[in-house]
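Line by line, the protein sequences are chains A and B.
Anchor point for the first sequence: position 31 equals 31 in my numbering, and the numbering is continuous, going up by one each time.
If you want my numbering, it's the position in the second sequence, counting the first as 1, plus 1000.
In short, the hints are calculated from the structure, not lab data.
Some hints could be false.
Said to hold, decoys possible - No more than 25 Å apart at the CA atoms, straight line, and that leaves these computed lysine-lysine pairs for DSS-like: (1) B:K1131 - B:K1176; (2) B:K1258 - B:K1236; (3) B:K1220 - A:K31; (4) A:K44 - B:K1475; (5) B:K1126 - B:K1182; (6) B:K1382 - A:K44; (7) B:K1131 - B:K1182; (8) B:K1176 - B:K1236; (9) A:K44 - A:K31; (10) A:K44 - B:K1236; (11) B:K1182 - B:K1122; (12) B:K1230 - B:K1218; (13) B:K1122 - A:K31; (14) B:K1230 - B:K1126; (15) B:K1218 - B:K1235; (16) B:K1475 - A:K31; (17) B:K1182 - B:K1218; (18) B:K1175 - B:K1122.
Stated by the list, open to error - Simulated coverage check for chain B against chain A, where a stretch passes if three residues somewhere in it have a Cβ under 8 Å from a Cβ of chain A: (19) 1242-1251; (20) 1368-1381; (21) 1483-1493.
All C-beta atoms in this analysis are idealised placements derived from N, C-alpha and C, irrespective of residue type, glycine included.
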Amino acid sequence: MERLLELLRDGHARTLELLAMELDTDVEDVKRQIEYLENMGVIKRVALKPKGCAQCSGCSGKGHPEGSNTCKGCLPDGGFKNMGEMWEVV
Amino acid sequence: MSTATIALLGQPNSGKSTLFNALTGLRQHVGNWPGKTVEKKEGSFTHNGMEYRVADLPGSYSLSANSDEEVITRDYIASGDADVVCILADSSQLQRSLFMLADYAGIDVPCFLLLNMSDVAKDQGKTIDAKAIEERLGIPVIPFSATDTRSYDVFYEAMGRAINNKTRLNLNDLKKQYESIKGYQEICDLIPENALPGYSSMWAAVKVIEGDRVVSAKLKNAVGAETFAKIEEIKKNTQGAVATGGCKFAWIDDVLDKAVVSGEKKVTLSRLDRIYTSRVWGKPAVILTVLLGLIASFIPALPLMGVGSAVIAIKEPVMNALYSAGCPEVIVLVIGDVIIQSFSYIFKMLGFVFGVTLVFGLLEEAGVMARISYVFDNTMGKLGLQGKSVMPFLVSFGCTMGGAAGARVIDNWGQKVLTIALAWAVPCGAAWATIPMLASIFFGPGAVGVIVAILLTMLVHMWITAKVFGGKLVKVEDRYGMIMELPPYHKPKWGSLFRYVFGRTKETFVRVTKVILLVCGLFWLLSYSPSGNTSVLYRIGVAIEPVTRFFGMPWQLFLSYIASAVGKEGAIGVISALYNGGSLGTAFVDSMNGAARAANFNEMMLANVTKPEALAFIFAMTFNMPCVVALAATYQETHSAKWTARIVLYYTVMSLILAFIAYHIGLLIW
Ligand SMILES: Nc1nc2c(ncn2[C@@H]2O[C@H](COP(=O)(O)OP(=O)(O)OP(=O)(O)O)[C@@H](O)[C@H]2O)c(=O)[nH]1
Chain A
1 MERLLELLRD GHARTLELLA MELDTDVEDV KRQIEYLENM GVIKRVALKP KGCAQCSGCS
61 GKGHPEGSNT CKGCLPDGGF KNMGEMWEVV
Chain B
1001 MSTATIALLG QPNSGKSTLF NALTGLRQHV GNWPGKTVEK KEGSFTHNGM EYRVADLPGS
1061 YSLSANSDEE VITRDYIASG DADVVCILAD SSQLQRSLFM LADYAGIDVP CFLLLNMSDV
1121 AKDQGKTIDA KAIEERLGIP VIPFSATDTR SYDVFYEAMG RAINNKTRLN LNDLKKQYES
1181 IKGYQEICDL IPENALPGYS SMWAAVKVIE GDRVVSAKLK NAVGAETFAK IEEIKKNTQG
1241 AVATGGCKFA WIDDVLDKAV VSGEKKVTLS RLDRIYTSRV WGKPAVILTV LLGLIASFIP
1301 ALPLMGVGSA VIAIKEPVMN ALYSAGCPEV IVLVIGDVII QSFSYIFKML GFVFGVTLVF
1361 GLLEEAGVMA RISYVFDNTM GKLGLQGKSV MPFLVSFGCT MGGAAGARVI DNWGQKVLTI
1421 ALAWAVPCGA AWATIPMLAS IFFGPGAVGV IVAILLTMLV HMWITAKVFG GKLVKVEDRY
1481 GMIMELPPYH KPKWGSLFRY VFGRTKETFV RVTKVILLVC GLFWLLSYSP SGNTSVLYRI
1541 GVAIEPVTRF FGMPWQLFLS YIASAVGKEG AIGVISALYN GGSLGTAFVD SMNGAARAAN
1601 FNEMMLANVT KPEALAFIFA MTFNMPCVVA LAATYQETHS AKWTARIVLY YTVMSLILAF
1661 IAYHIGLLIW
């Protein structure tokens, strides 16, 4: 895991597969390291799915079309679809 | 009747509840742990004349002090209230799920291990040698399936063995792993065995190294402040949780070594991903994908564009019919020049909104968007931003306001402001509807070239903007790279995709119709002069023309450019109003005597506006401030009137400069 964090220090983004190759291990191993580091608060998951404008200061929930918690033009409900996951070092 | 208590321990989704319910049936009750709001589930069952009490412990990742649940769980276990702990692991991913066992090691309570979900592991083609694992661990280890109630005999058997023999985990190998951590042994030596009742000194030492506050506080009481200060001192030089976690995983790998044979082949990158994730080819591939996407969006746009052309074709017959029916002139003109004219534009715009939303929605659903943000992560770094800034930029292709709202994923204020400032340069959905429409009128197939030029300009614009504002907002400091899990490529769900696209198109239709009719009506009124005199607007226009010409725009287009600051669709309203009836000098006179109008509106514009002028306008409009709503959103997200004003001013100046450049390049070409 020290090596994983060491690799990230160069500022490049890496996929799980690339990490596995560079660390000479398999993706499952990389996944469990990420899970651990996330649980220990060393890295954190990027929230790519903000719930509509749930935290949007702009619209305070008024003017939302029925059955949606997004105002027009704001982020679509459920945020980004199928964007995978991202983690960043805290 | 003799009794024993067993506690169920496992990570979330390991199958604890399933096992608990199967064992206890209805004999269970739910309470709270003393003083906490954490749920406590207890129950009982009898087996072979013995009564057993069962406690279902809260599911958590490990036994560290990250949450109340975890502290309650480990304190309960260490208290010795349970005679035996049943640890559940997920056979389909043992490498990961044995972590709970590794974190448990050092708590001095008998235990046994259930390799649950063994049916899933089998389906994956994995074979697990539980006997080999059992030998290494020194506790009963059994393959198990909590959902298969016929397989519970092995559970009772293992439980019996664990209780009778008080089977404890063999810690030697794990200890050896920890000894490789610098400072571990010294800390361990400073902690007397049983300093924390129920926990071994190994366990306590590891938790101290991991920075566990609860354990540290207790330990300070137990060993005294002086010894604890020494421990703290040694701890400073360790790698902390990263080192101990590494040891735990290494131990798990040793335990599983050769005991698990997985049928899976090594995962390799798909051919497409090999291109996208390549350092050399990634960027060209992504840019090509986006370009092809934009070009492809013309295809679904065609039917609606056809509707737009059909609408304009009925303009003349309708107006003639109204004239001959003796309808007042003003009404005829409003219907023909404002309403029919506007709707022709609206339908053409919608065609592109539909096409772009469909293609980008498709890219997102198929998993290509994720690759795009991956590829541009490093570029973001060079601009002083983080990889996730790509997200707001991608949203901005749809709507800049969404982009500004999306910038909320960025914690750092300076980076957030810079991200929003850059997001303004990304042409929004309304611009994407307007650009191809105007470009195809003026440049025919050359419209594709205009789109490419706009995209390239966007990139340069963003780069310049980052240079202009970056210095004040962000420090390009040492930056950690991020980790991304790219989603697998999906076949899009066409049903939901089309529902989304139609929804968006409808929403746009309503909004755009309102703005265009309003702006078009207003400008038409201003330019309408029943007496045959020149209108107010015309006089103003001619007065400012010397200035606007400098930027390559006739006054009509310049007014349209100004209207585009309200909303890009506003620009279309102005154009629609001001270029409705032949060359402008005679337009108003013509409209008076009801002269025949050219049916083909496109030709009308071609006759009035030169290609370089059109190019200048397209650039000015595209890179003008996005719209009033985006402006408000920017203020809301940045909480700074000063920065919002700066950004507005900057974009106004930049768009005029770009228009000037585009015009002069246009003059060279045509
Ligand atoms: N195929 C299969 N599925 C299982 C097995 N054991 C549990 N499951 C399923 O796994 C899912 C999670 O099981 P739970 O019993 O809710 O897991 P849990 O550990 O109590 O989870 P938390 O309540 O989050 O702590 C359920 O859908 C179960 O049906 C098993 O042996 N084989």
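To see whether the hints hold, each was checked on the structure:
1. B:K1131 - B:K1176: Since the Cα atoms of B:K1131 and B:K1176 sit roughly 23 Å apart, the hinted pair holds (cutoff 25 Å).
2. B:K1258 - B:K1236: violated (37 Å)
3. B:K1220 - A:K31: Not satisfied, since the Cα-Cα distance of roughly 35 Å exceeds 25 Å.
4. A:K44 - B:K1475: holds (22 Å)
5. B:K1126 - B:K1182: It is violated: about 37 Å lies between the C-alpha atoms, which goes past 25 Å.
6. B:K1382 - A:K44: holds (22 Å)
7. B:K1131 - B:K1182: violated (34 Å)
8. B:K1176 - B:K1236: holds (21 Å)
9. A:K44 - A:K31: Within the cut-off at roughly 14 Å; holds.
10. A:K44 - B:K1236: Holds - the C-alpha atoms of B:K1236 and A:K44 are around 23 Å apart, at most 25 Å.
11. B:K1182 - B:K1122: violated (41 Å)
12. B:K1230 - B:K1218: holds (15 Å)
13. B:K1122 - A:K31: holds (21 Å)
14. B:K1230 - B:K1126: Judged against 25 Å, a Cα distance of about 48 Å means the pair is violated.
15. B:K1218 - B:K1235: Roughly 16 Å between the alpha carbons, so the hint for B:K1218 and B:K1235 holds.
16. B:K1475 - A:K31: At roughly 32 Å apart (the allowed maximum being 25 Å), A:K31 and B:K1475 break the hint.
17. B:K1182 - B:K1218: holds (23 Å)
18. B:K1175 - B:K1122: violated (32 Å)
19. 1242-1251: holds (count 5)
20. 1368-1381: holds (count 7)
21. 1483-1493: holds (count 6)
Comparing the model with each earlier hint shows violations of hints 2, 3, 5, 7, 11, 14, 16, 18; every other hint is respected.
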